Amino acid sequence: MSNTGDGDGSATAAEGRRPTKRLVTNVPRLDFITKGGLIQGSSYAIIGPPGSGKTVFANQIAFEHVRTGGKALYVTLLTESHGRMLENLSQMTFFDASVIPERLQYLSAYRELEKEGLRGLLDLVRKNAQQHGTTLLIIDGMDAAKEFARSDLTFKRFLQDLQTFCSILGCTSLLLAPHHAGEIHPENTAVDGIFELSLWLHGPRAVRELIAVKFRGGPSLLGRHEVEISDQGIVIHPRTEVQFAHPAAAGREDRIRMPFGIPRLDDAMKGGLLSGSTTLLLGAPGTGKTLLGLRFLLEGARAGQPGVYFGFYETPPRLIEKALGTGMKDFKKYVDEGLIEIQWQPPLEHNLDSLAERLLERIAERKVSRLRLFIDGVAGFRSAAVYPDRMGRFFSALTHQLRMMDVTTLYSDETPLFSPGVEMPQPEAAATVENVILVRYVELRSQLYRLLSIMKMRESAYDSGIREFSISEDGITVADTFESAESILTGHARMTSVPPARSPRKSAVKAPLGTRGGAKKKAAKGVKKSPAGTSRRSRA
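Under the numbering used here, the residue at position 388 of the sequence shown is numbered 421, and the numbers go up by one with no gaps.
A hint or two may mislead.
Straight-line distance between alpha carbons at most 27 Å, and here's what the computed DSSO-like set of lysine-lysine pairs gives [said to hold, decoys possible]:
#1 K355 <-> K365
#2 K189 <-> K179
#3 K148 <-> K189
#4 K247 <-> K68
#5 K104 <-> K54
#6 K104 <-> K303
Label-pair ranges, simulated between beta-carbon atoms [to be verified]:
#7 S131 <-> R152: 34 to 40 Å
#8 S402 <-> L232: 41 to 47 Å
#9 T510 <-> G236: 42 to 48 Å
#10 G319 <-> A397: 33 to 39 Å
#11 R100 <-> A412: 39 to 45 Å
Treat the hints as calculated values from the structure; they're not laboratory data. Keep in mind it's a predicted model, so treat the numbers as computed, not measured. Here a beta-carbon is modelled for each residue, glycine too, at the ideal position from N, C-alpha and C.
Please take these sequences and the hints and turn them into a complete structure.
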């Protein structure tokens, strides 16, 4: 693999122009942001406050560069000692001591700068770069060099001389300097590109971000992109809505029905959800959203269709236990076989775009068709968002990408437990998804019932009747329509008509699971004897 090749990421020839040679950094997604890598022979400023990751970033690029055949020279000016730096870097997976010093050479130049000034520093860098055959030059501590310049103009001339030398040598240069919000660095006008790393607090959470402020010679992804520092080094997470800003216009056309395996529900949807569609499952806590999602995955597995559970709050053992306790006895078998995959995200601090990348990359790795996906808790994505106003665009981009991958997706999202009406946590999601299913509680005669209704189905006929459903150790059962009651969506249903001579057992309203005798007792309490011995219905 060449680190200066004209592959997929390099600028292509257009209108007779020669393609631009690129230095591929292999830093996760940096080359995606720069549309193919750094421009070979150009100079880049890497700026940011202490702790933002500048040194790790530059060293990671250096080690990746020499691993693919290049040679790098890392010059330090009044920064930490080389021994301390390498000790810290040795914990990173990209670190390789065997390339030092033959391919990656470290040079301390502050004494030369102190004795000879900028001219002496330039001569030292020239001499060592030529002897080493350097193709990547890094100078760490440009703020120290600036202290020896008589003026901003003098410092710009030094940078110009350095750039001219690097251009002749065919060497790409990275210049590291501290930077704080609001500061202006006139010398940044002299470089070809600027990468700004930031470190700030979002409440108690520390947030690292990267911005490609300037990138001459080619396009780049503008805006803020979150950054993580792990044992892999710097990992950049471009915004999902930017990564998938230009998705395919159409997905798979030979669509099929994806049933839940619950007769009344599948009948109401005329056979099930259409493959490649996205469904939002709304409901208050405890209404059965997770069980419906697991039932959707299980029915697919029984038909040989792979499934993925992607959730935040239920551990894999708890999920399997929940499935086994509600009639899904073969759920564990399909998990063990790998047909159903459980991806659990521990309830820690997450990066919004990292979650989307993890999900999409894993789906792509499986290389299967007709995949079913249940995302248990949009709130898990919402809690990971540093900028809440992004959620609409993020949700739309993720949904469309899954649709183009022919993934049939079921999301769950919570409505308030106590509310006089139905409130969508994310109203714009209703326009993004094809289908909306509402599950909720309703109070009637001092009893709680679970109800299910299909609020929306694009591209398909459906039955909008409101149905009672129950959950037992035998599974999920959906009944016929919940008749003879109104104001159901408020959670406080009331009967519209109950014939006096009709037995409660024959009423269209069923008692909740486990309280079938309760309706009869309630009905008896509502009838009082008149003085003449006849019965009359109590006004209460």
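Hints versus structure:
Using a Cα cut-off of 27 Å, the hinted pair K355 and K365 holds, with the two alpha carbons roughly 11 Å apart. Distance restraint check for K189 and K179: the Cα-Cα separation of roughly 9 Å lies within the 27 Å cut-off, and the hinted pair is therefore satisfied. Of the supplied pair hints, the one linking K148 and K189 holds, its CA atoms being roughly 20 Å apart against a limit of 27 Å. The suggested pairing of K247 with K68 holds, with an alpha-carbon distance near 13 Å, which does not exceed 27 Å.
For the hint pairing K104 with K54, the CA-to-CA distance comes to about 17 Å; that is within 27 Å, so the pair holds. A hinted pair counts as satisfied when its Cα atoms are at most 27 Å apart, and K104 with K303 does not qualify at roughly 64 Å. Distance hint check: the CB atoms of S131 and R152 are about 35 Å apart, consistent with the given range 34 to 40 Å. A hinted range of 41 to 47 Å holds for the C-beta pair S402 and L232, which are about 43 Å apart.
The supplied range of 42 to 48 Å is met by T510 and G236, whose beta-carbon atoms lie about 44 Å from each other. About 35 Å separates the C-beta atoms of G319 and A397, a value consistent with the hinted range of 33 to 39 Å. Here the CB-CB span from R100 to A412 is close to 41 Å, well matched to the stated 39 to 45 Å.
Checked against the numbered hints given earlier, the structure breaks only hint 6 and satisfies all the rest.
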